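**Q** Keeping the supplied structure of chain A fixed, place chain B upon it in accordance with the hints.
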Amino acid sequence: MAKPAEILPGTLDMLILKAVSLDPLHGYGVLLRIRQISREAIDIPQGSLYPALYRLEHQGLIAAEWGQSENNRKAKYYKLTAAGRRRLREETAGWKRLTSAIDAALNTSSLEES
Amino acid sequence: MLARVRSWWRAAAGRREFESSMSAELEFHIEQYAEDLMRAGAGKQEAYRRARMELGGRNSVEEDCRKARGLQWLDEVGRNARFSARLLRKSPAFTTAALLTLALCLGANLTIFAVVDAILVRPLPFPDAGRLVTIFNTYPKAGVERDGSSITNYYERRGKIAAFRSVSMYAFGTAVVGGAGSTAVTEITWVTPEFFATLGRGPARGREFSDAEMNPEADRVVILTDEYWRSHFASDPSVLGKQIWVDGSPRTVVGVLPRGFRFLSSKAEVYLPLSSSAERRTPQERHSGGNVMQMIARLRPDATIEQAQAEIDAQNAALERDDPKAKMIADAGFRSLVVSLHGDQVATVRPVLLLLEAGVLVLLLIGGVNLANLLLIRASGRLKEIAVRRALGASGRRVVSEVLVEICLLTLAGGVLAMPVGVAGVRLVNALGAQQLPLGAYIVFDARVVLAGLVMTIVLGAALAVPVAWFNLRSLPADGLQSASRTVTTGRAGQALRHAFIVAQVALGLVLLTGAGLLGLSLKRAMEVSPGFRADHAIAGRVSLVGNRYPSPEAGREFTERLVKDLEQRPGVRWAGITTNIPFSGYNGMSAATVKGEVLRPGQTVRGNYSYGVAGDYFEAMGMVLRAGRFLNAEDSQRKERICVVDEDFARYHWPQGNALGQKLFQGTRPGSDAEAFTVVGVVGSVKQAGLTDEGTQGAVYYPYIYRPDSKIFIVVRGSVRTEPLKADLQSALRQLDPALALTGTEAMSDRIAESLLVRRSPALLAALFSGMAVLLIAIGVYGVLSYSVAQRQREIGIRIALGAGPVEIRRQFLSIGLRLLAAGVAIGLGGAWMMGRAIEAVLFHVSGHSAAVLAEATGLIGLAALVACFLPAQKAATTSPVRALAAE
Numbered sequence: 082m083a084k085p086a087e088i089l090p091g092t093l094d095m096l097i098l099k100a101v102s103l104d105p106l107h108g109y110g111v112l113l114r115i116r117q118i119s120r121e122a123i124d125i126p127q128g129s130l131y132p133a134l135y136r137l138e139h140q141g142l143i144a145a146e147w148g149q150s151e152n153n154r155k156a157k158y159y160k161l162t163a164a165g166r167r168r169l170r171e172e173t174a175g176w177k178r179l180t181s182a183i184d185a186a187l188n189t190s191s192l193e194e195s
Numbered sequence: 021m022l023a024r025v026r027s028w029w030r031a032a033a034g035r036r037e038f039e040s041s042m043s044a045e046l047e048f049h050i051e052q053y054a055e056d057l058m059r060a061g062a063g064k065q066e067a068y069r070r071a072r073m074e075l076g077g078r079n080s081v082e083e084d085c086r087k088a089r090g091l092q093w094l095d096e097v098g099r100n101a102r103f104s105a106r107l108l109r110k111s112p113a114f115t116t117a118a119l120l121t122l123a124l125c126l127g128a129n130l131t132i133f134a135v136v137d138a139i140l141v142r143p144l145p146f147p148d149a150g151r152l153v154t155i156f157n158t159y160p161k162a163g164v165e166r167d168g169s170s171i172t173n174y175y176e177r178r179g180k181i182a183a184f185r186s187v188s189m190y191a192f193g194t195a196v197v198g199g200a201g202s203t204a205v206t207e208i209t210w211v212t213p214e215f216f217a218t219l220g221r222g223p224a225r226g227r228e229f230s231d232a233e234m235n236p237e238a239d240r241v242v243i244l245t246d247e248y249w250r251s252h253f254a255s256d257p258s259v260l261g262k263q264i265w266v267d268g269s270p271r272t273v274v275g276v277l278p279r280g281f282r283f284l285s286s287k288a289e290v291y292l293p294l295s296s297s298a299e300r301r302t303p304q305e306r307h308s309g310g311n312v313m314q315m316i317a318r319l320r321p322d323a324t325i326e327q328a329q330a331e332i333d334a335q336n337a338a339l340e341r342d343d344p345k346a347k348m349i350a351d352a353g354f355r356s357l358v359v360s361l362h363g364d365q366v367a368t369v370r371p372v373l374l375l376l377e378a379g380v381l382v383l384l385l386i387g388g389v390n391l392a393n394l395l396l397i398r399a400s401g402r403l404k405e406i407a408v409r410r411a412l413g414a415s416g417r418r419v420v421s422e423v424l425v426e427i428c429l430l431t432l433a434g435g436v437l438a439m440p441v442g443v444a445g446v447r448l449v450n451a452l453g454a455q456q457l458p459l460g461a462y463i464v465f466d467a468r469v470v471l472a473g474l475v476m477t478i479v480l481g482a483a484l485a486v487p488v489a490w491f492n493l494r495s496l497p498a499d500g501l502q503s504a505s506r507t508v509t510t511g512r513a514g515q516a517l518r519h520a521f522i523v524a525q526v527a528l529g530l531v532l533l534t535g536a537g538l539l540g541l542s543l544k545r546a547m548e549v550s551p552g553f554r555a556d557h558a559i560a561g562r563v564s565l566v567g568n569r570y571p572s573p574e575a576g577r578e579f580t581e582r583l584v585k586d587l588e589q590r591p592g593v594r595w596a597g598i599t600t601n602i603p604f605s606g607y608n609g610m611s612a613a614t615v616k617g618e619v620l621r622p623g624q625t626v627r628g629n630y631s632y633g634v635a636g637d638y639f640e641a642m643g644m645v646l647r648a649g650r651f652l653n654a655e656d657s658q659r660k661e662r663i664c665v666v667d668e669d670f671a672r673y674h675w676p677q678g679n680a681l682g683q684k685l686f687q688g689t690r691p692g693s694d695a696e697a698f699t700v701v702g703v704v705g706s707v708k709q710a711g712l713t714d715e716g717t718q719g720a721v722y723y724p725y726i727y728r729p730d731s732k733i734f735i736v737v738r739g740s741v742r743t744e745p746l747k748a749d750l751q752s753a754l755r756q757l758d759p760a761l762a763l764t765g766t767e768a769m770s771d772r773i774a775e776s777l778l779v780r781r782s783p784a785l786l787a788a789l790f791s792g793m794a795v796l797l798i799a800i801g802v803y804g805v806l807s808y809s810v811a812q813r814q815r816e817i818g819i820r821i822a823l824g825a826g827p828v829e830i831r832r833q834f835l836s837i838g839l840r841l842l843a844a845g846v847a848i849g850l851g852g853a854w855m856m857g858r859a860i861e862a863v864l865f866h867v868s869g870h871s872a873a874v875l876a877e878a879t880g881l882i883g884l885a886a887l888v889a890c891f892l893p894a895q896k897a898a899t900t901s902p903v904r905a906l907a908a909e
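First to last, the protein sequences are chains A and B. Numbers in my numbering are just positions in the first sequence, counted from 1, shifted up by 81. Numbers in my numbering are just positions in the second sequence, counted from 1, shifted up by 20.
With the rest of the complex left out, here is chain A:
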C-alpha cells in the first residue's frame, strides 16, 4: 500500500465539506468517504477529524442530526447547509485556480516558452 499523501493545511475542511456534500455521513463515514474519493490516497488523521467537524458545525457550514446507521445503531449524521455549499463552491474554485497556477508554474521548462 502506497504511503498516503500528507494533507495540506487548510484542505481538511474542504475535503470534509466535499465528503458530506454527496450525501449525509457520520464521522467515521466521512473518514471512509475521503479515503474512497481520493482513491485511497488521502488518509486524514482521526484525531483532527472531530474537532474539524465541530468547528464546521459551529460555523454553520454543516448541520448534524442523529439517525440510524447501516447496522441499526444511533449515529450522528452531518450534511451540508446552504452556507456550506456556497463555501465549498468558493473553496473549490479557489483551489482549482491555485493548482492550475502551480501546475503552470511547475510545467514551465524554459523562460522563452512563456
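These are computed hints drawn from the structure, not numbers from a lab. Keep in mind the model is a prediction, meaning the values are calculated, not measured. Only true hints are included.
Computed list of lysine-lysine pairs in PhoX-like fashion (alpha-carbon distance at most 25 angstroms, straight line):
hint: 1; chain 1: B; residue 1: K64; chain 2: A; residue 2: K155
hint: 2; chain 1: A; residue 1: K99; chain 2: A; residue 2: K177
hint: 3; chain 1: B; residue 1: K660; chain 2: B; residue 2: K684
hint: 4; chain 1: B; residue 1: K345; chain 2: B; residue 2: K161
hint: 5; chain 1: B; residue 1: K708; chain 2: B; residue 2: K747
hint: 6; chain 1: B; residue 1: K616; chain 2: B; residue 2: K684
hint: 7; chain 1: A; residue 1: K99; chain 2: A; residue 2: K155
hint: 8; chain 1: B; residue 1: K616; chain 2: B; residue 2: K161
hint: 9; chain 1: B; residue 1: K87; chain 2: A; residue 2: K99
hint: 10; chain 1: B; residue 1: K345; chain 2: B; residue 2: K616
hint: 11; chain 1: B; residue 1: K87; chain 2: A; residue 2: K157
hint: 12; chain 1: A; residue 1: K160; chain 2: B; residue 2: K87
**A** Below, chain B without anything else, positioned relative to chain A:
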C-alpha cells in the same frame, strides 16, 4: 455570526447534553473502526486498542471539540469560580475581613454618592433645567450680600430682557388653608404668572394665574398641588371653580399641578398669586426686595447666562440714571446677579458635600489597600502551590485567571453586601438631617445609585487585580519552590509592596483623620459662639394675624398686649414678648435706617441692618443683655414719642464715641421730618440673626411693634424650668384669645440653634465615622502584614532564640519594622494633611487648616492604633518556642 452564537449558546446551555452526545459520537466511531479492523482479521482486543490509539488521546480530542465550540473559557471560569469559592470557604477569617471591608467601604461610598448625586449632580426635575436661572440683588458694600428681587424688578424686566424666555417671581410662606373655620397651617408659595411655564411643568388641569389676578382686588384664586387635590378634594375631577378658604377668605381653584410637582425643597401644597398694589410696582420700591421674594427665569435656547447678565446690567444702569438715590445705590455696590438656579440652591452645601465625597473616597482607598495587602499575603501563602503547578505546566495565564476570578468573586459579593449597607447609610444621613439640606428631599437609593455601586465595584476589583496578578506572575516557579522550602524572607518584592501599602494607608488615614478633626474642632468653635441671648428655657412660635379681626396694626398691637399679659400671668412663665422676626428663623432680610445728622465719610455707604418690631417683654424673654439705657416695654407701643433700641454693633458703627443714647434715626434710606425720628433709648448686646457662624456685624434696630408692624409675629416665652409646659401654655393662651389663629413652628430656642448647626454637625459626624472605620482598617492592615511577617520568619526567630536572643530583642525587631512604616506614613500623611487643610479652609470656622493640635492628635491616634496592631504580633514572635518553631518544618 448568528449561527455561531446560536451554536455556542446551545452548547453552553445544554452543556450536559453536549458532553454525552460528544462521547456517544466518539464511542460510535471507535466501534465502527474496530469492527472494520476485525473484519480485516484483527482480534477484538487488538482491534479496539488500535481504534482508540488512532483516534488519539480521548481527552485532548474532546478538549479540541469543546474549543471548536468556544466553550473552553466558560469551562475555565466555572472551574476557577468553584475552586476560588472552595478556597474562600476554607479561610473564613480572610473572607469575612475582606467582605466586611468591602461592604462597609462601598456602602459608605454609595451613601455619600446618593447624597451628592441627588443634590449636586442630578438636574432639577424640570425639562431642560440647565436653562433655569435665578436673579437677585446684591449690595455688598452695604453688607447685604443677597436681597432677593423686588416687585418693581419683576415688572421692569418682564418681556424686556431678550435673553429670557420668561421671568417669574415666587415667595415662600404659610397660610391657614382648608374649609371655613379650618386652622390647618399649610406651606404655600406665592407666584406670578408664567411661574409654571418658566419651570416647564404647567398645571395638569386648569390654568396658571393671569395678569389680572396680580391685582389685590382680583387675586382670590388658587392652584393646588396634585397631593392636596387628592387628599382634600378626593381627586374630584370637577374641582376647578370650587372654593377653598385661605387665611379666612374664600378663593376659587383655577388649576391643579401635575403629580409629583415640587419646586426645589418647598413643601408647599397650595400656590397663590403674588399680587401687588400699584405702589409696590413703582421705581421707589425697586430696592425693597428684603430677600423675601425671589426671581427665576428661563434662558432662551440660544442665550447664555453672560448675555442675560449683560442685559440686566445695561437695564439697571439705564433705570438708575434718573433715580435720586442712584449714587447711594451705586456706592452700596448694587448689582443684580444672574446665576444658575441649581447652582444657587446648592451653593452653601457644595463645598462640604464635596469634602465628604473626598473623605469617603479616601476611606475606600484605605479599604482597597487593605484588601490588596490581604490578597498579597494570601498569594504569598500559595506561592509554593502555584510554583509547583507552574512547574507542572500550568500557564501563567491560568494562574492569573484564577486570581482574577477570586478577586471578582470577592468584590462582587462585597458589592452585593454593600447595597443594604448603602440603604441603611441613606437612612442614617436622613436621620442626621440630610433631608433638610437644599434639594435634600431628592435623596433616594435607586437604580442609578445601584448602577454606580456596580461600576465602583468593578473599578475596585480591577484595581485590586493589578498588584496581585503582578505579584503572581513575577514570582518564578524556581524562586517559589526555593524560598518556600527554606521559609526565609520570601519574595522581597512582595514584602516591599505590602509595606508600601501600609505606608500609603497610614498616610491616607492621617489625612482623613485630620480632616475629620478640623471639621470637629470647627463645629466645637461654632458651638462655643454665644448667640447673644439665652437659648435655654425659651420657646418661640409663629402666628399670622389674618382675617377681618386684624384690619390694622392697632388691632395687632392690642392682640399682642393681651397675649403677653395672659401669658405672663401663668405660673410657669417668667417673660413673654413679641417680635416680627426672631434669630435663627431663617428670615434674614435686612432693611436700612438713616441716622439723623450723619454725614457719610468717604467710602462709607448706606448699610443694611436687621429691623425688629417688638412688643411685650421681648428682651427679657430672649435673655438679651442691656448695655446702656433701657429695654423697650409694653407701654412703648402706646407712647406718642417715637423711641427705639439699637444693638452695640449698630451703635459702634454710627456713634463710635459711645454716645448712642438720645441720638435720632429714621426708618429707610432718607432722613425725614423730626416727627418721624426715633430716639435711641437703649443699647443692647448683639445677637446672631442668621446663625452662630454669622460673621456680619450689620447691627440691628428694635422699634415698638406699632412702628414696624407685621401680620406675621413670633411669640417668645421664657420659663424657669422646662420648655415643654411652655408650649402648652402658649397654645392655650392663643386658643382663649382667638381660636382661629394657628400657631406654627413652636420650638425651643436651643433647638433652633442646634438646627442651624446641621450643615456643620452632620458632616463632622460622618467624617468622624469614616475616620473611625479608617483607623480600624489601618490597625487590621498593620496587624495582618506584621503577623504574616512573624509567621514567615518563625524558623529564623526560633534559631535566634535558640542562640540566645531574648524576647526583648525579638520584640524590638518587629516593633521597629512597624515603627519605620508608621514614621514613613506619618511623614507623607502630614504633607497630605497640610494640602488638605488648605483645600478645606473655606468650610472651617475659626480654625486654621493647619491646626497643629489637630495634626498632633490625629497622628497620635493613628500611631496608637498602629502600635497596638504591631505589638500583638511582635509579642507573639517574642514568645516563640524555639523547639516548636524549628520542628514546624
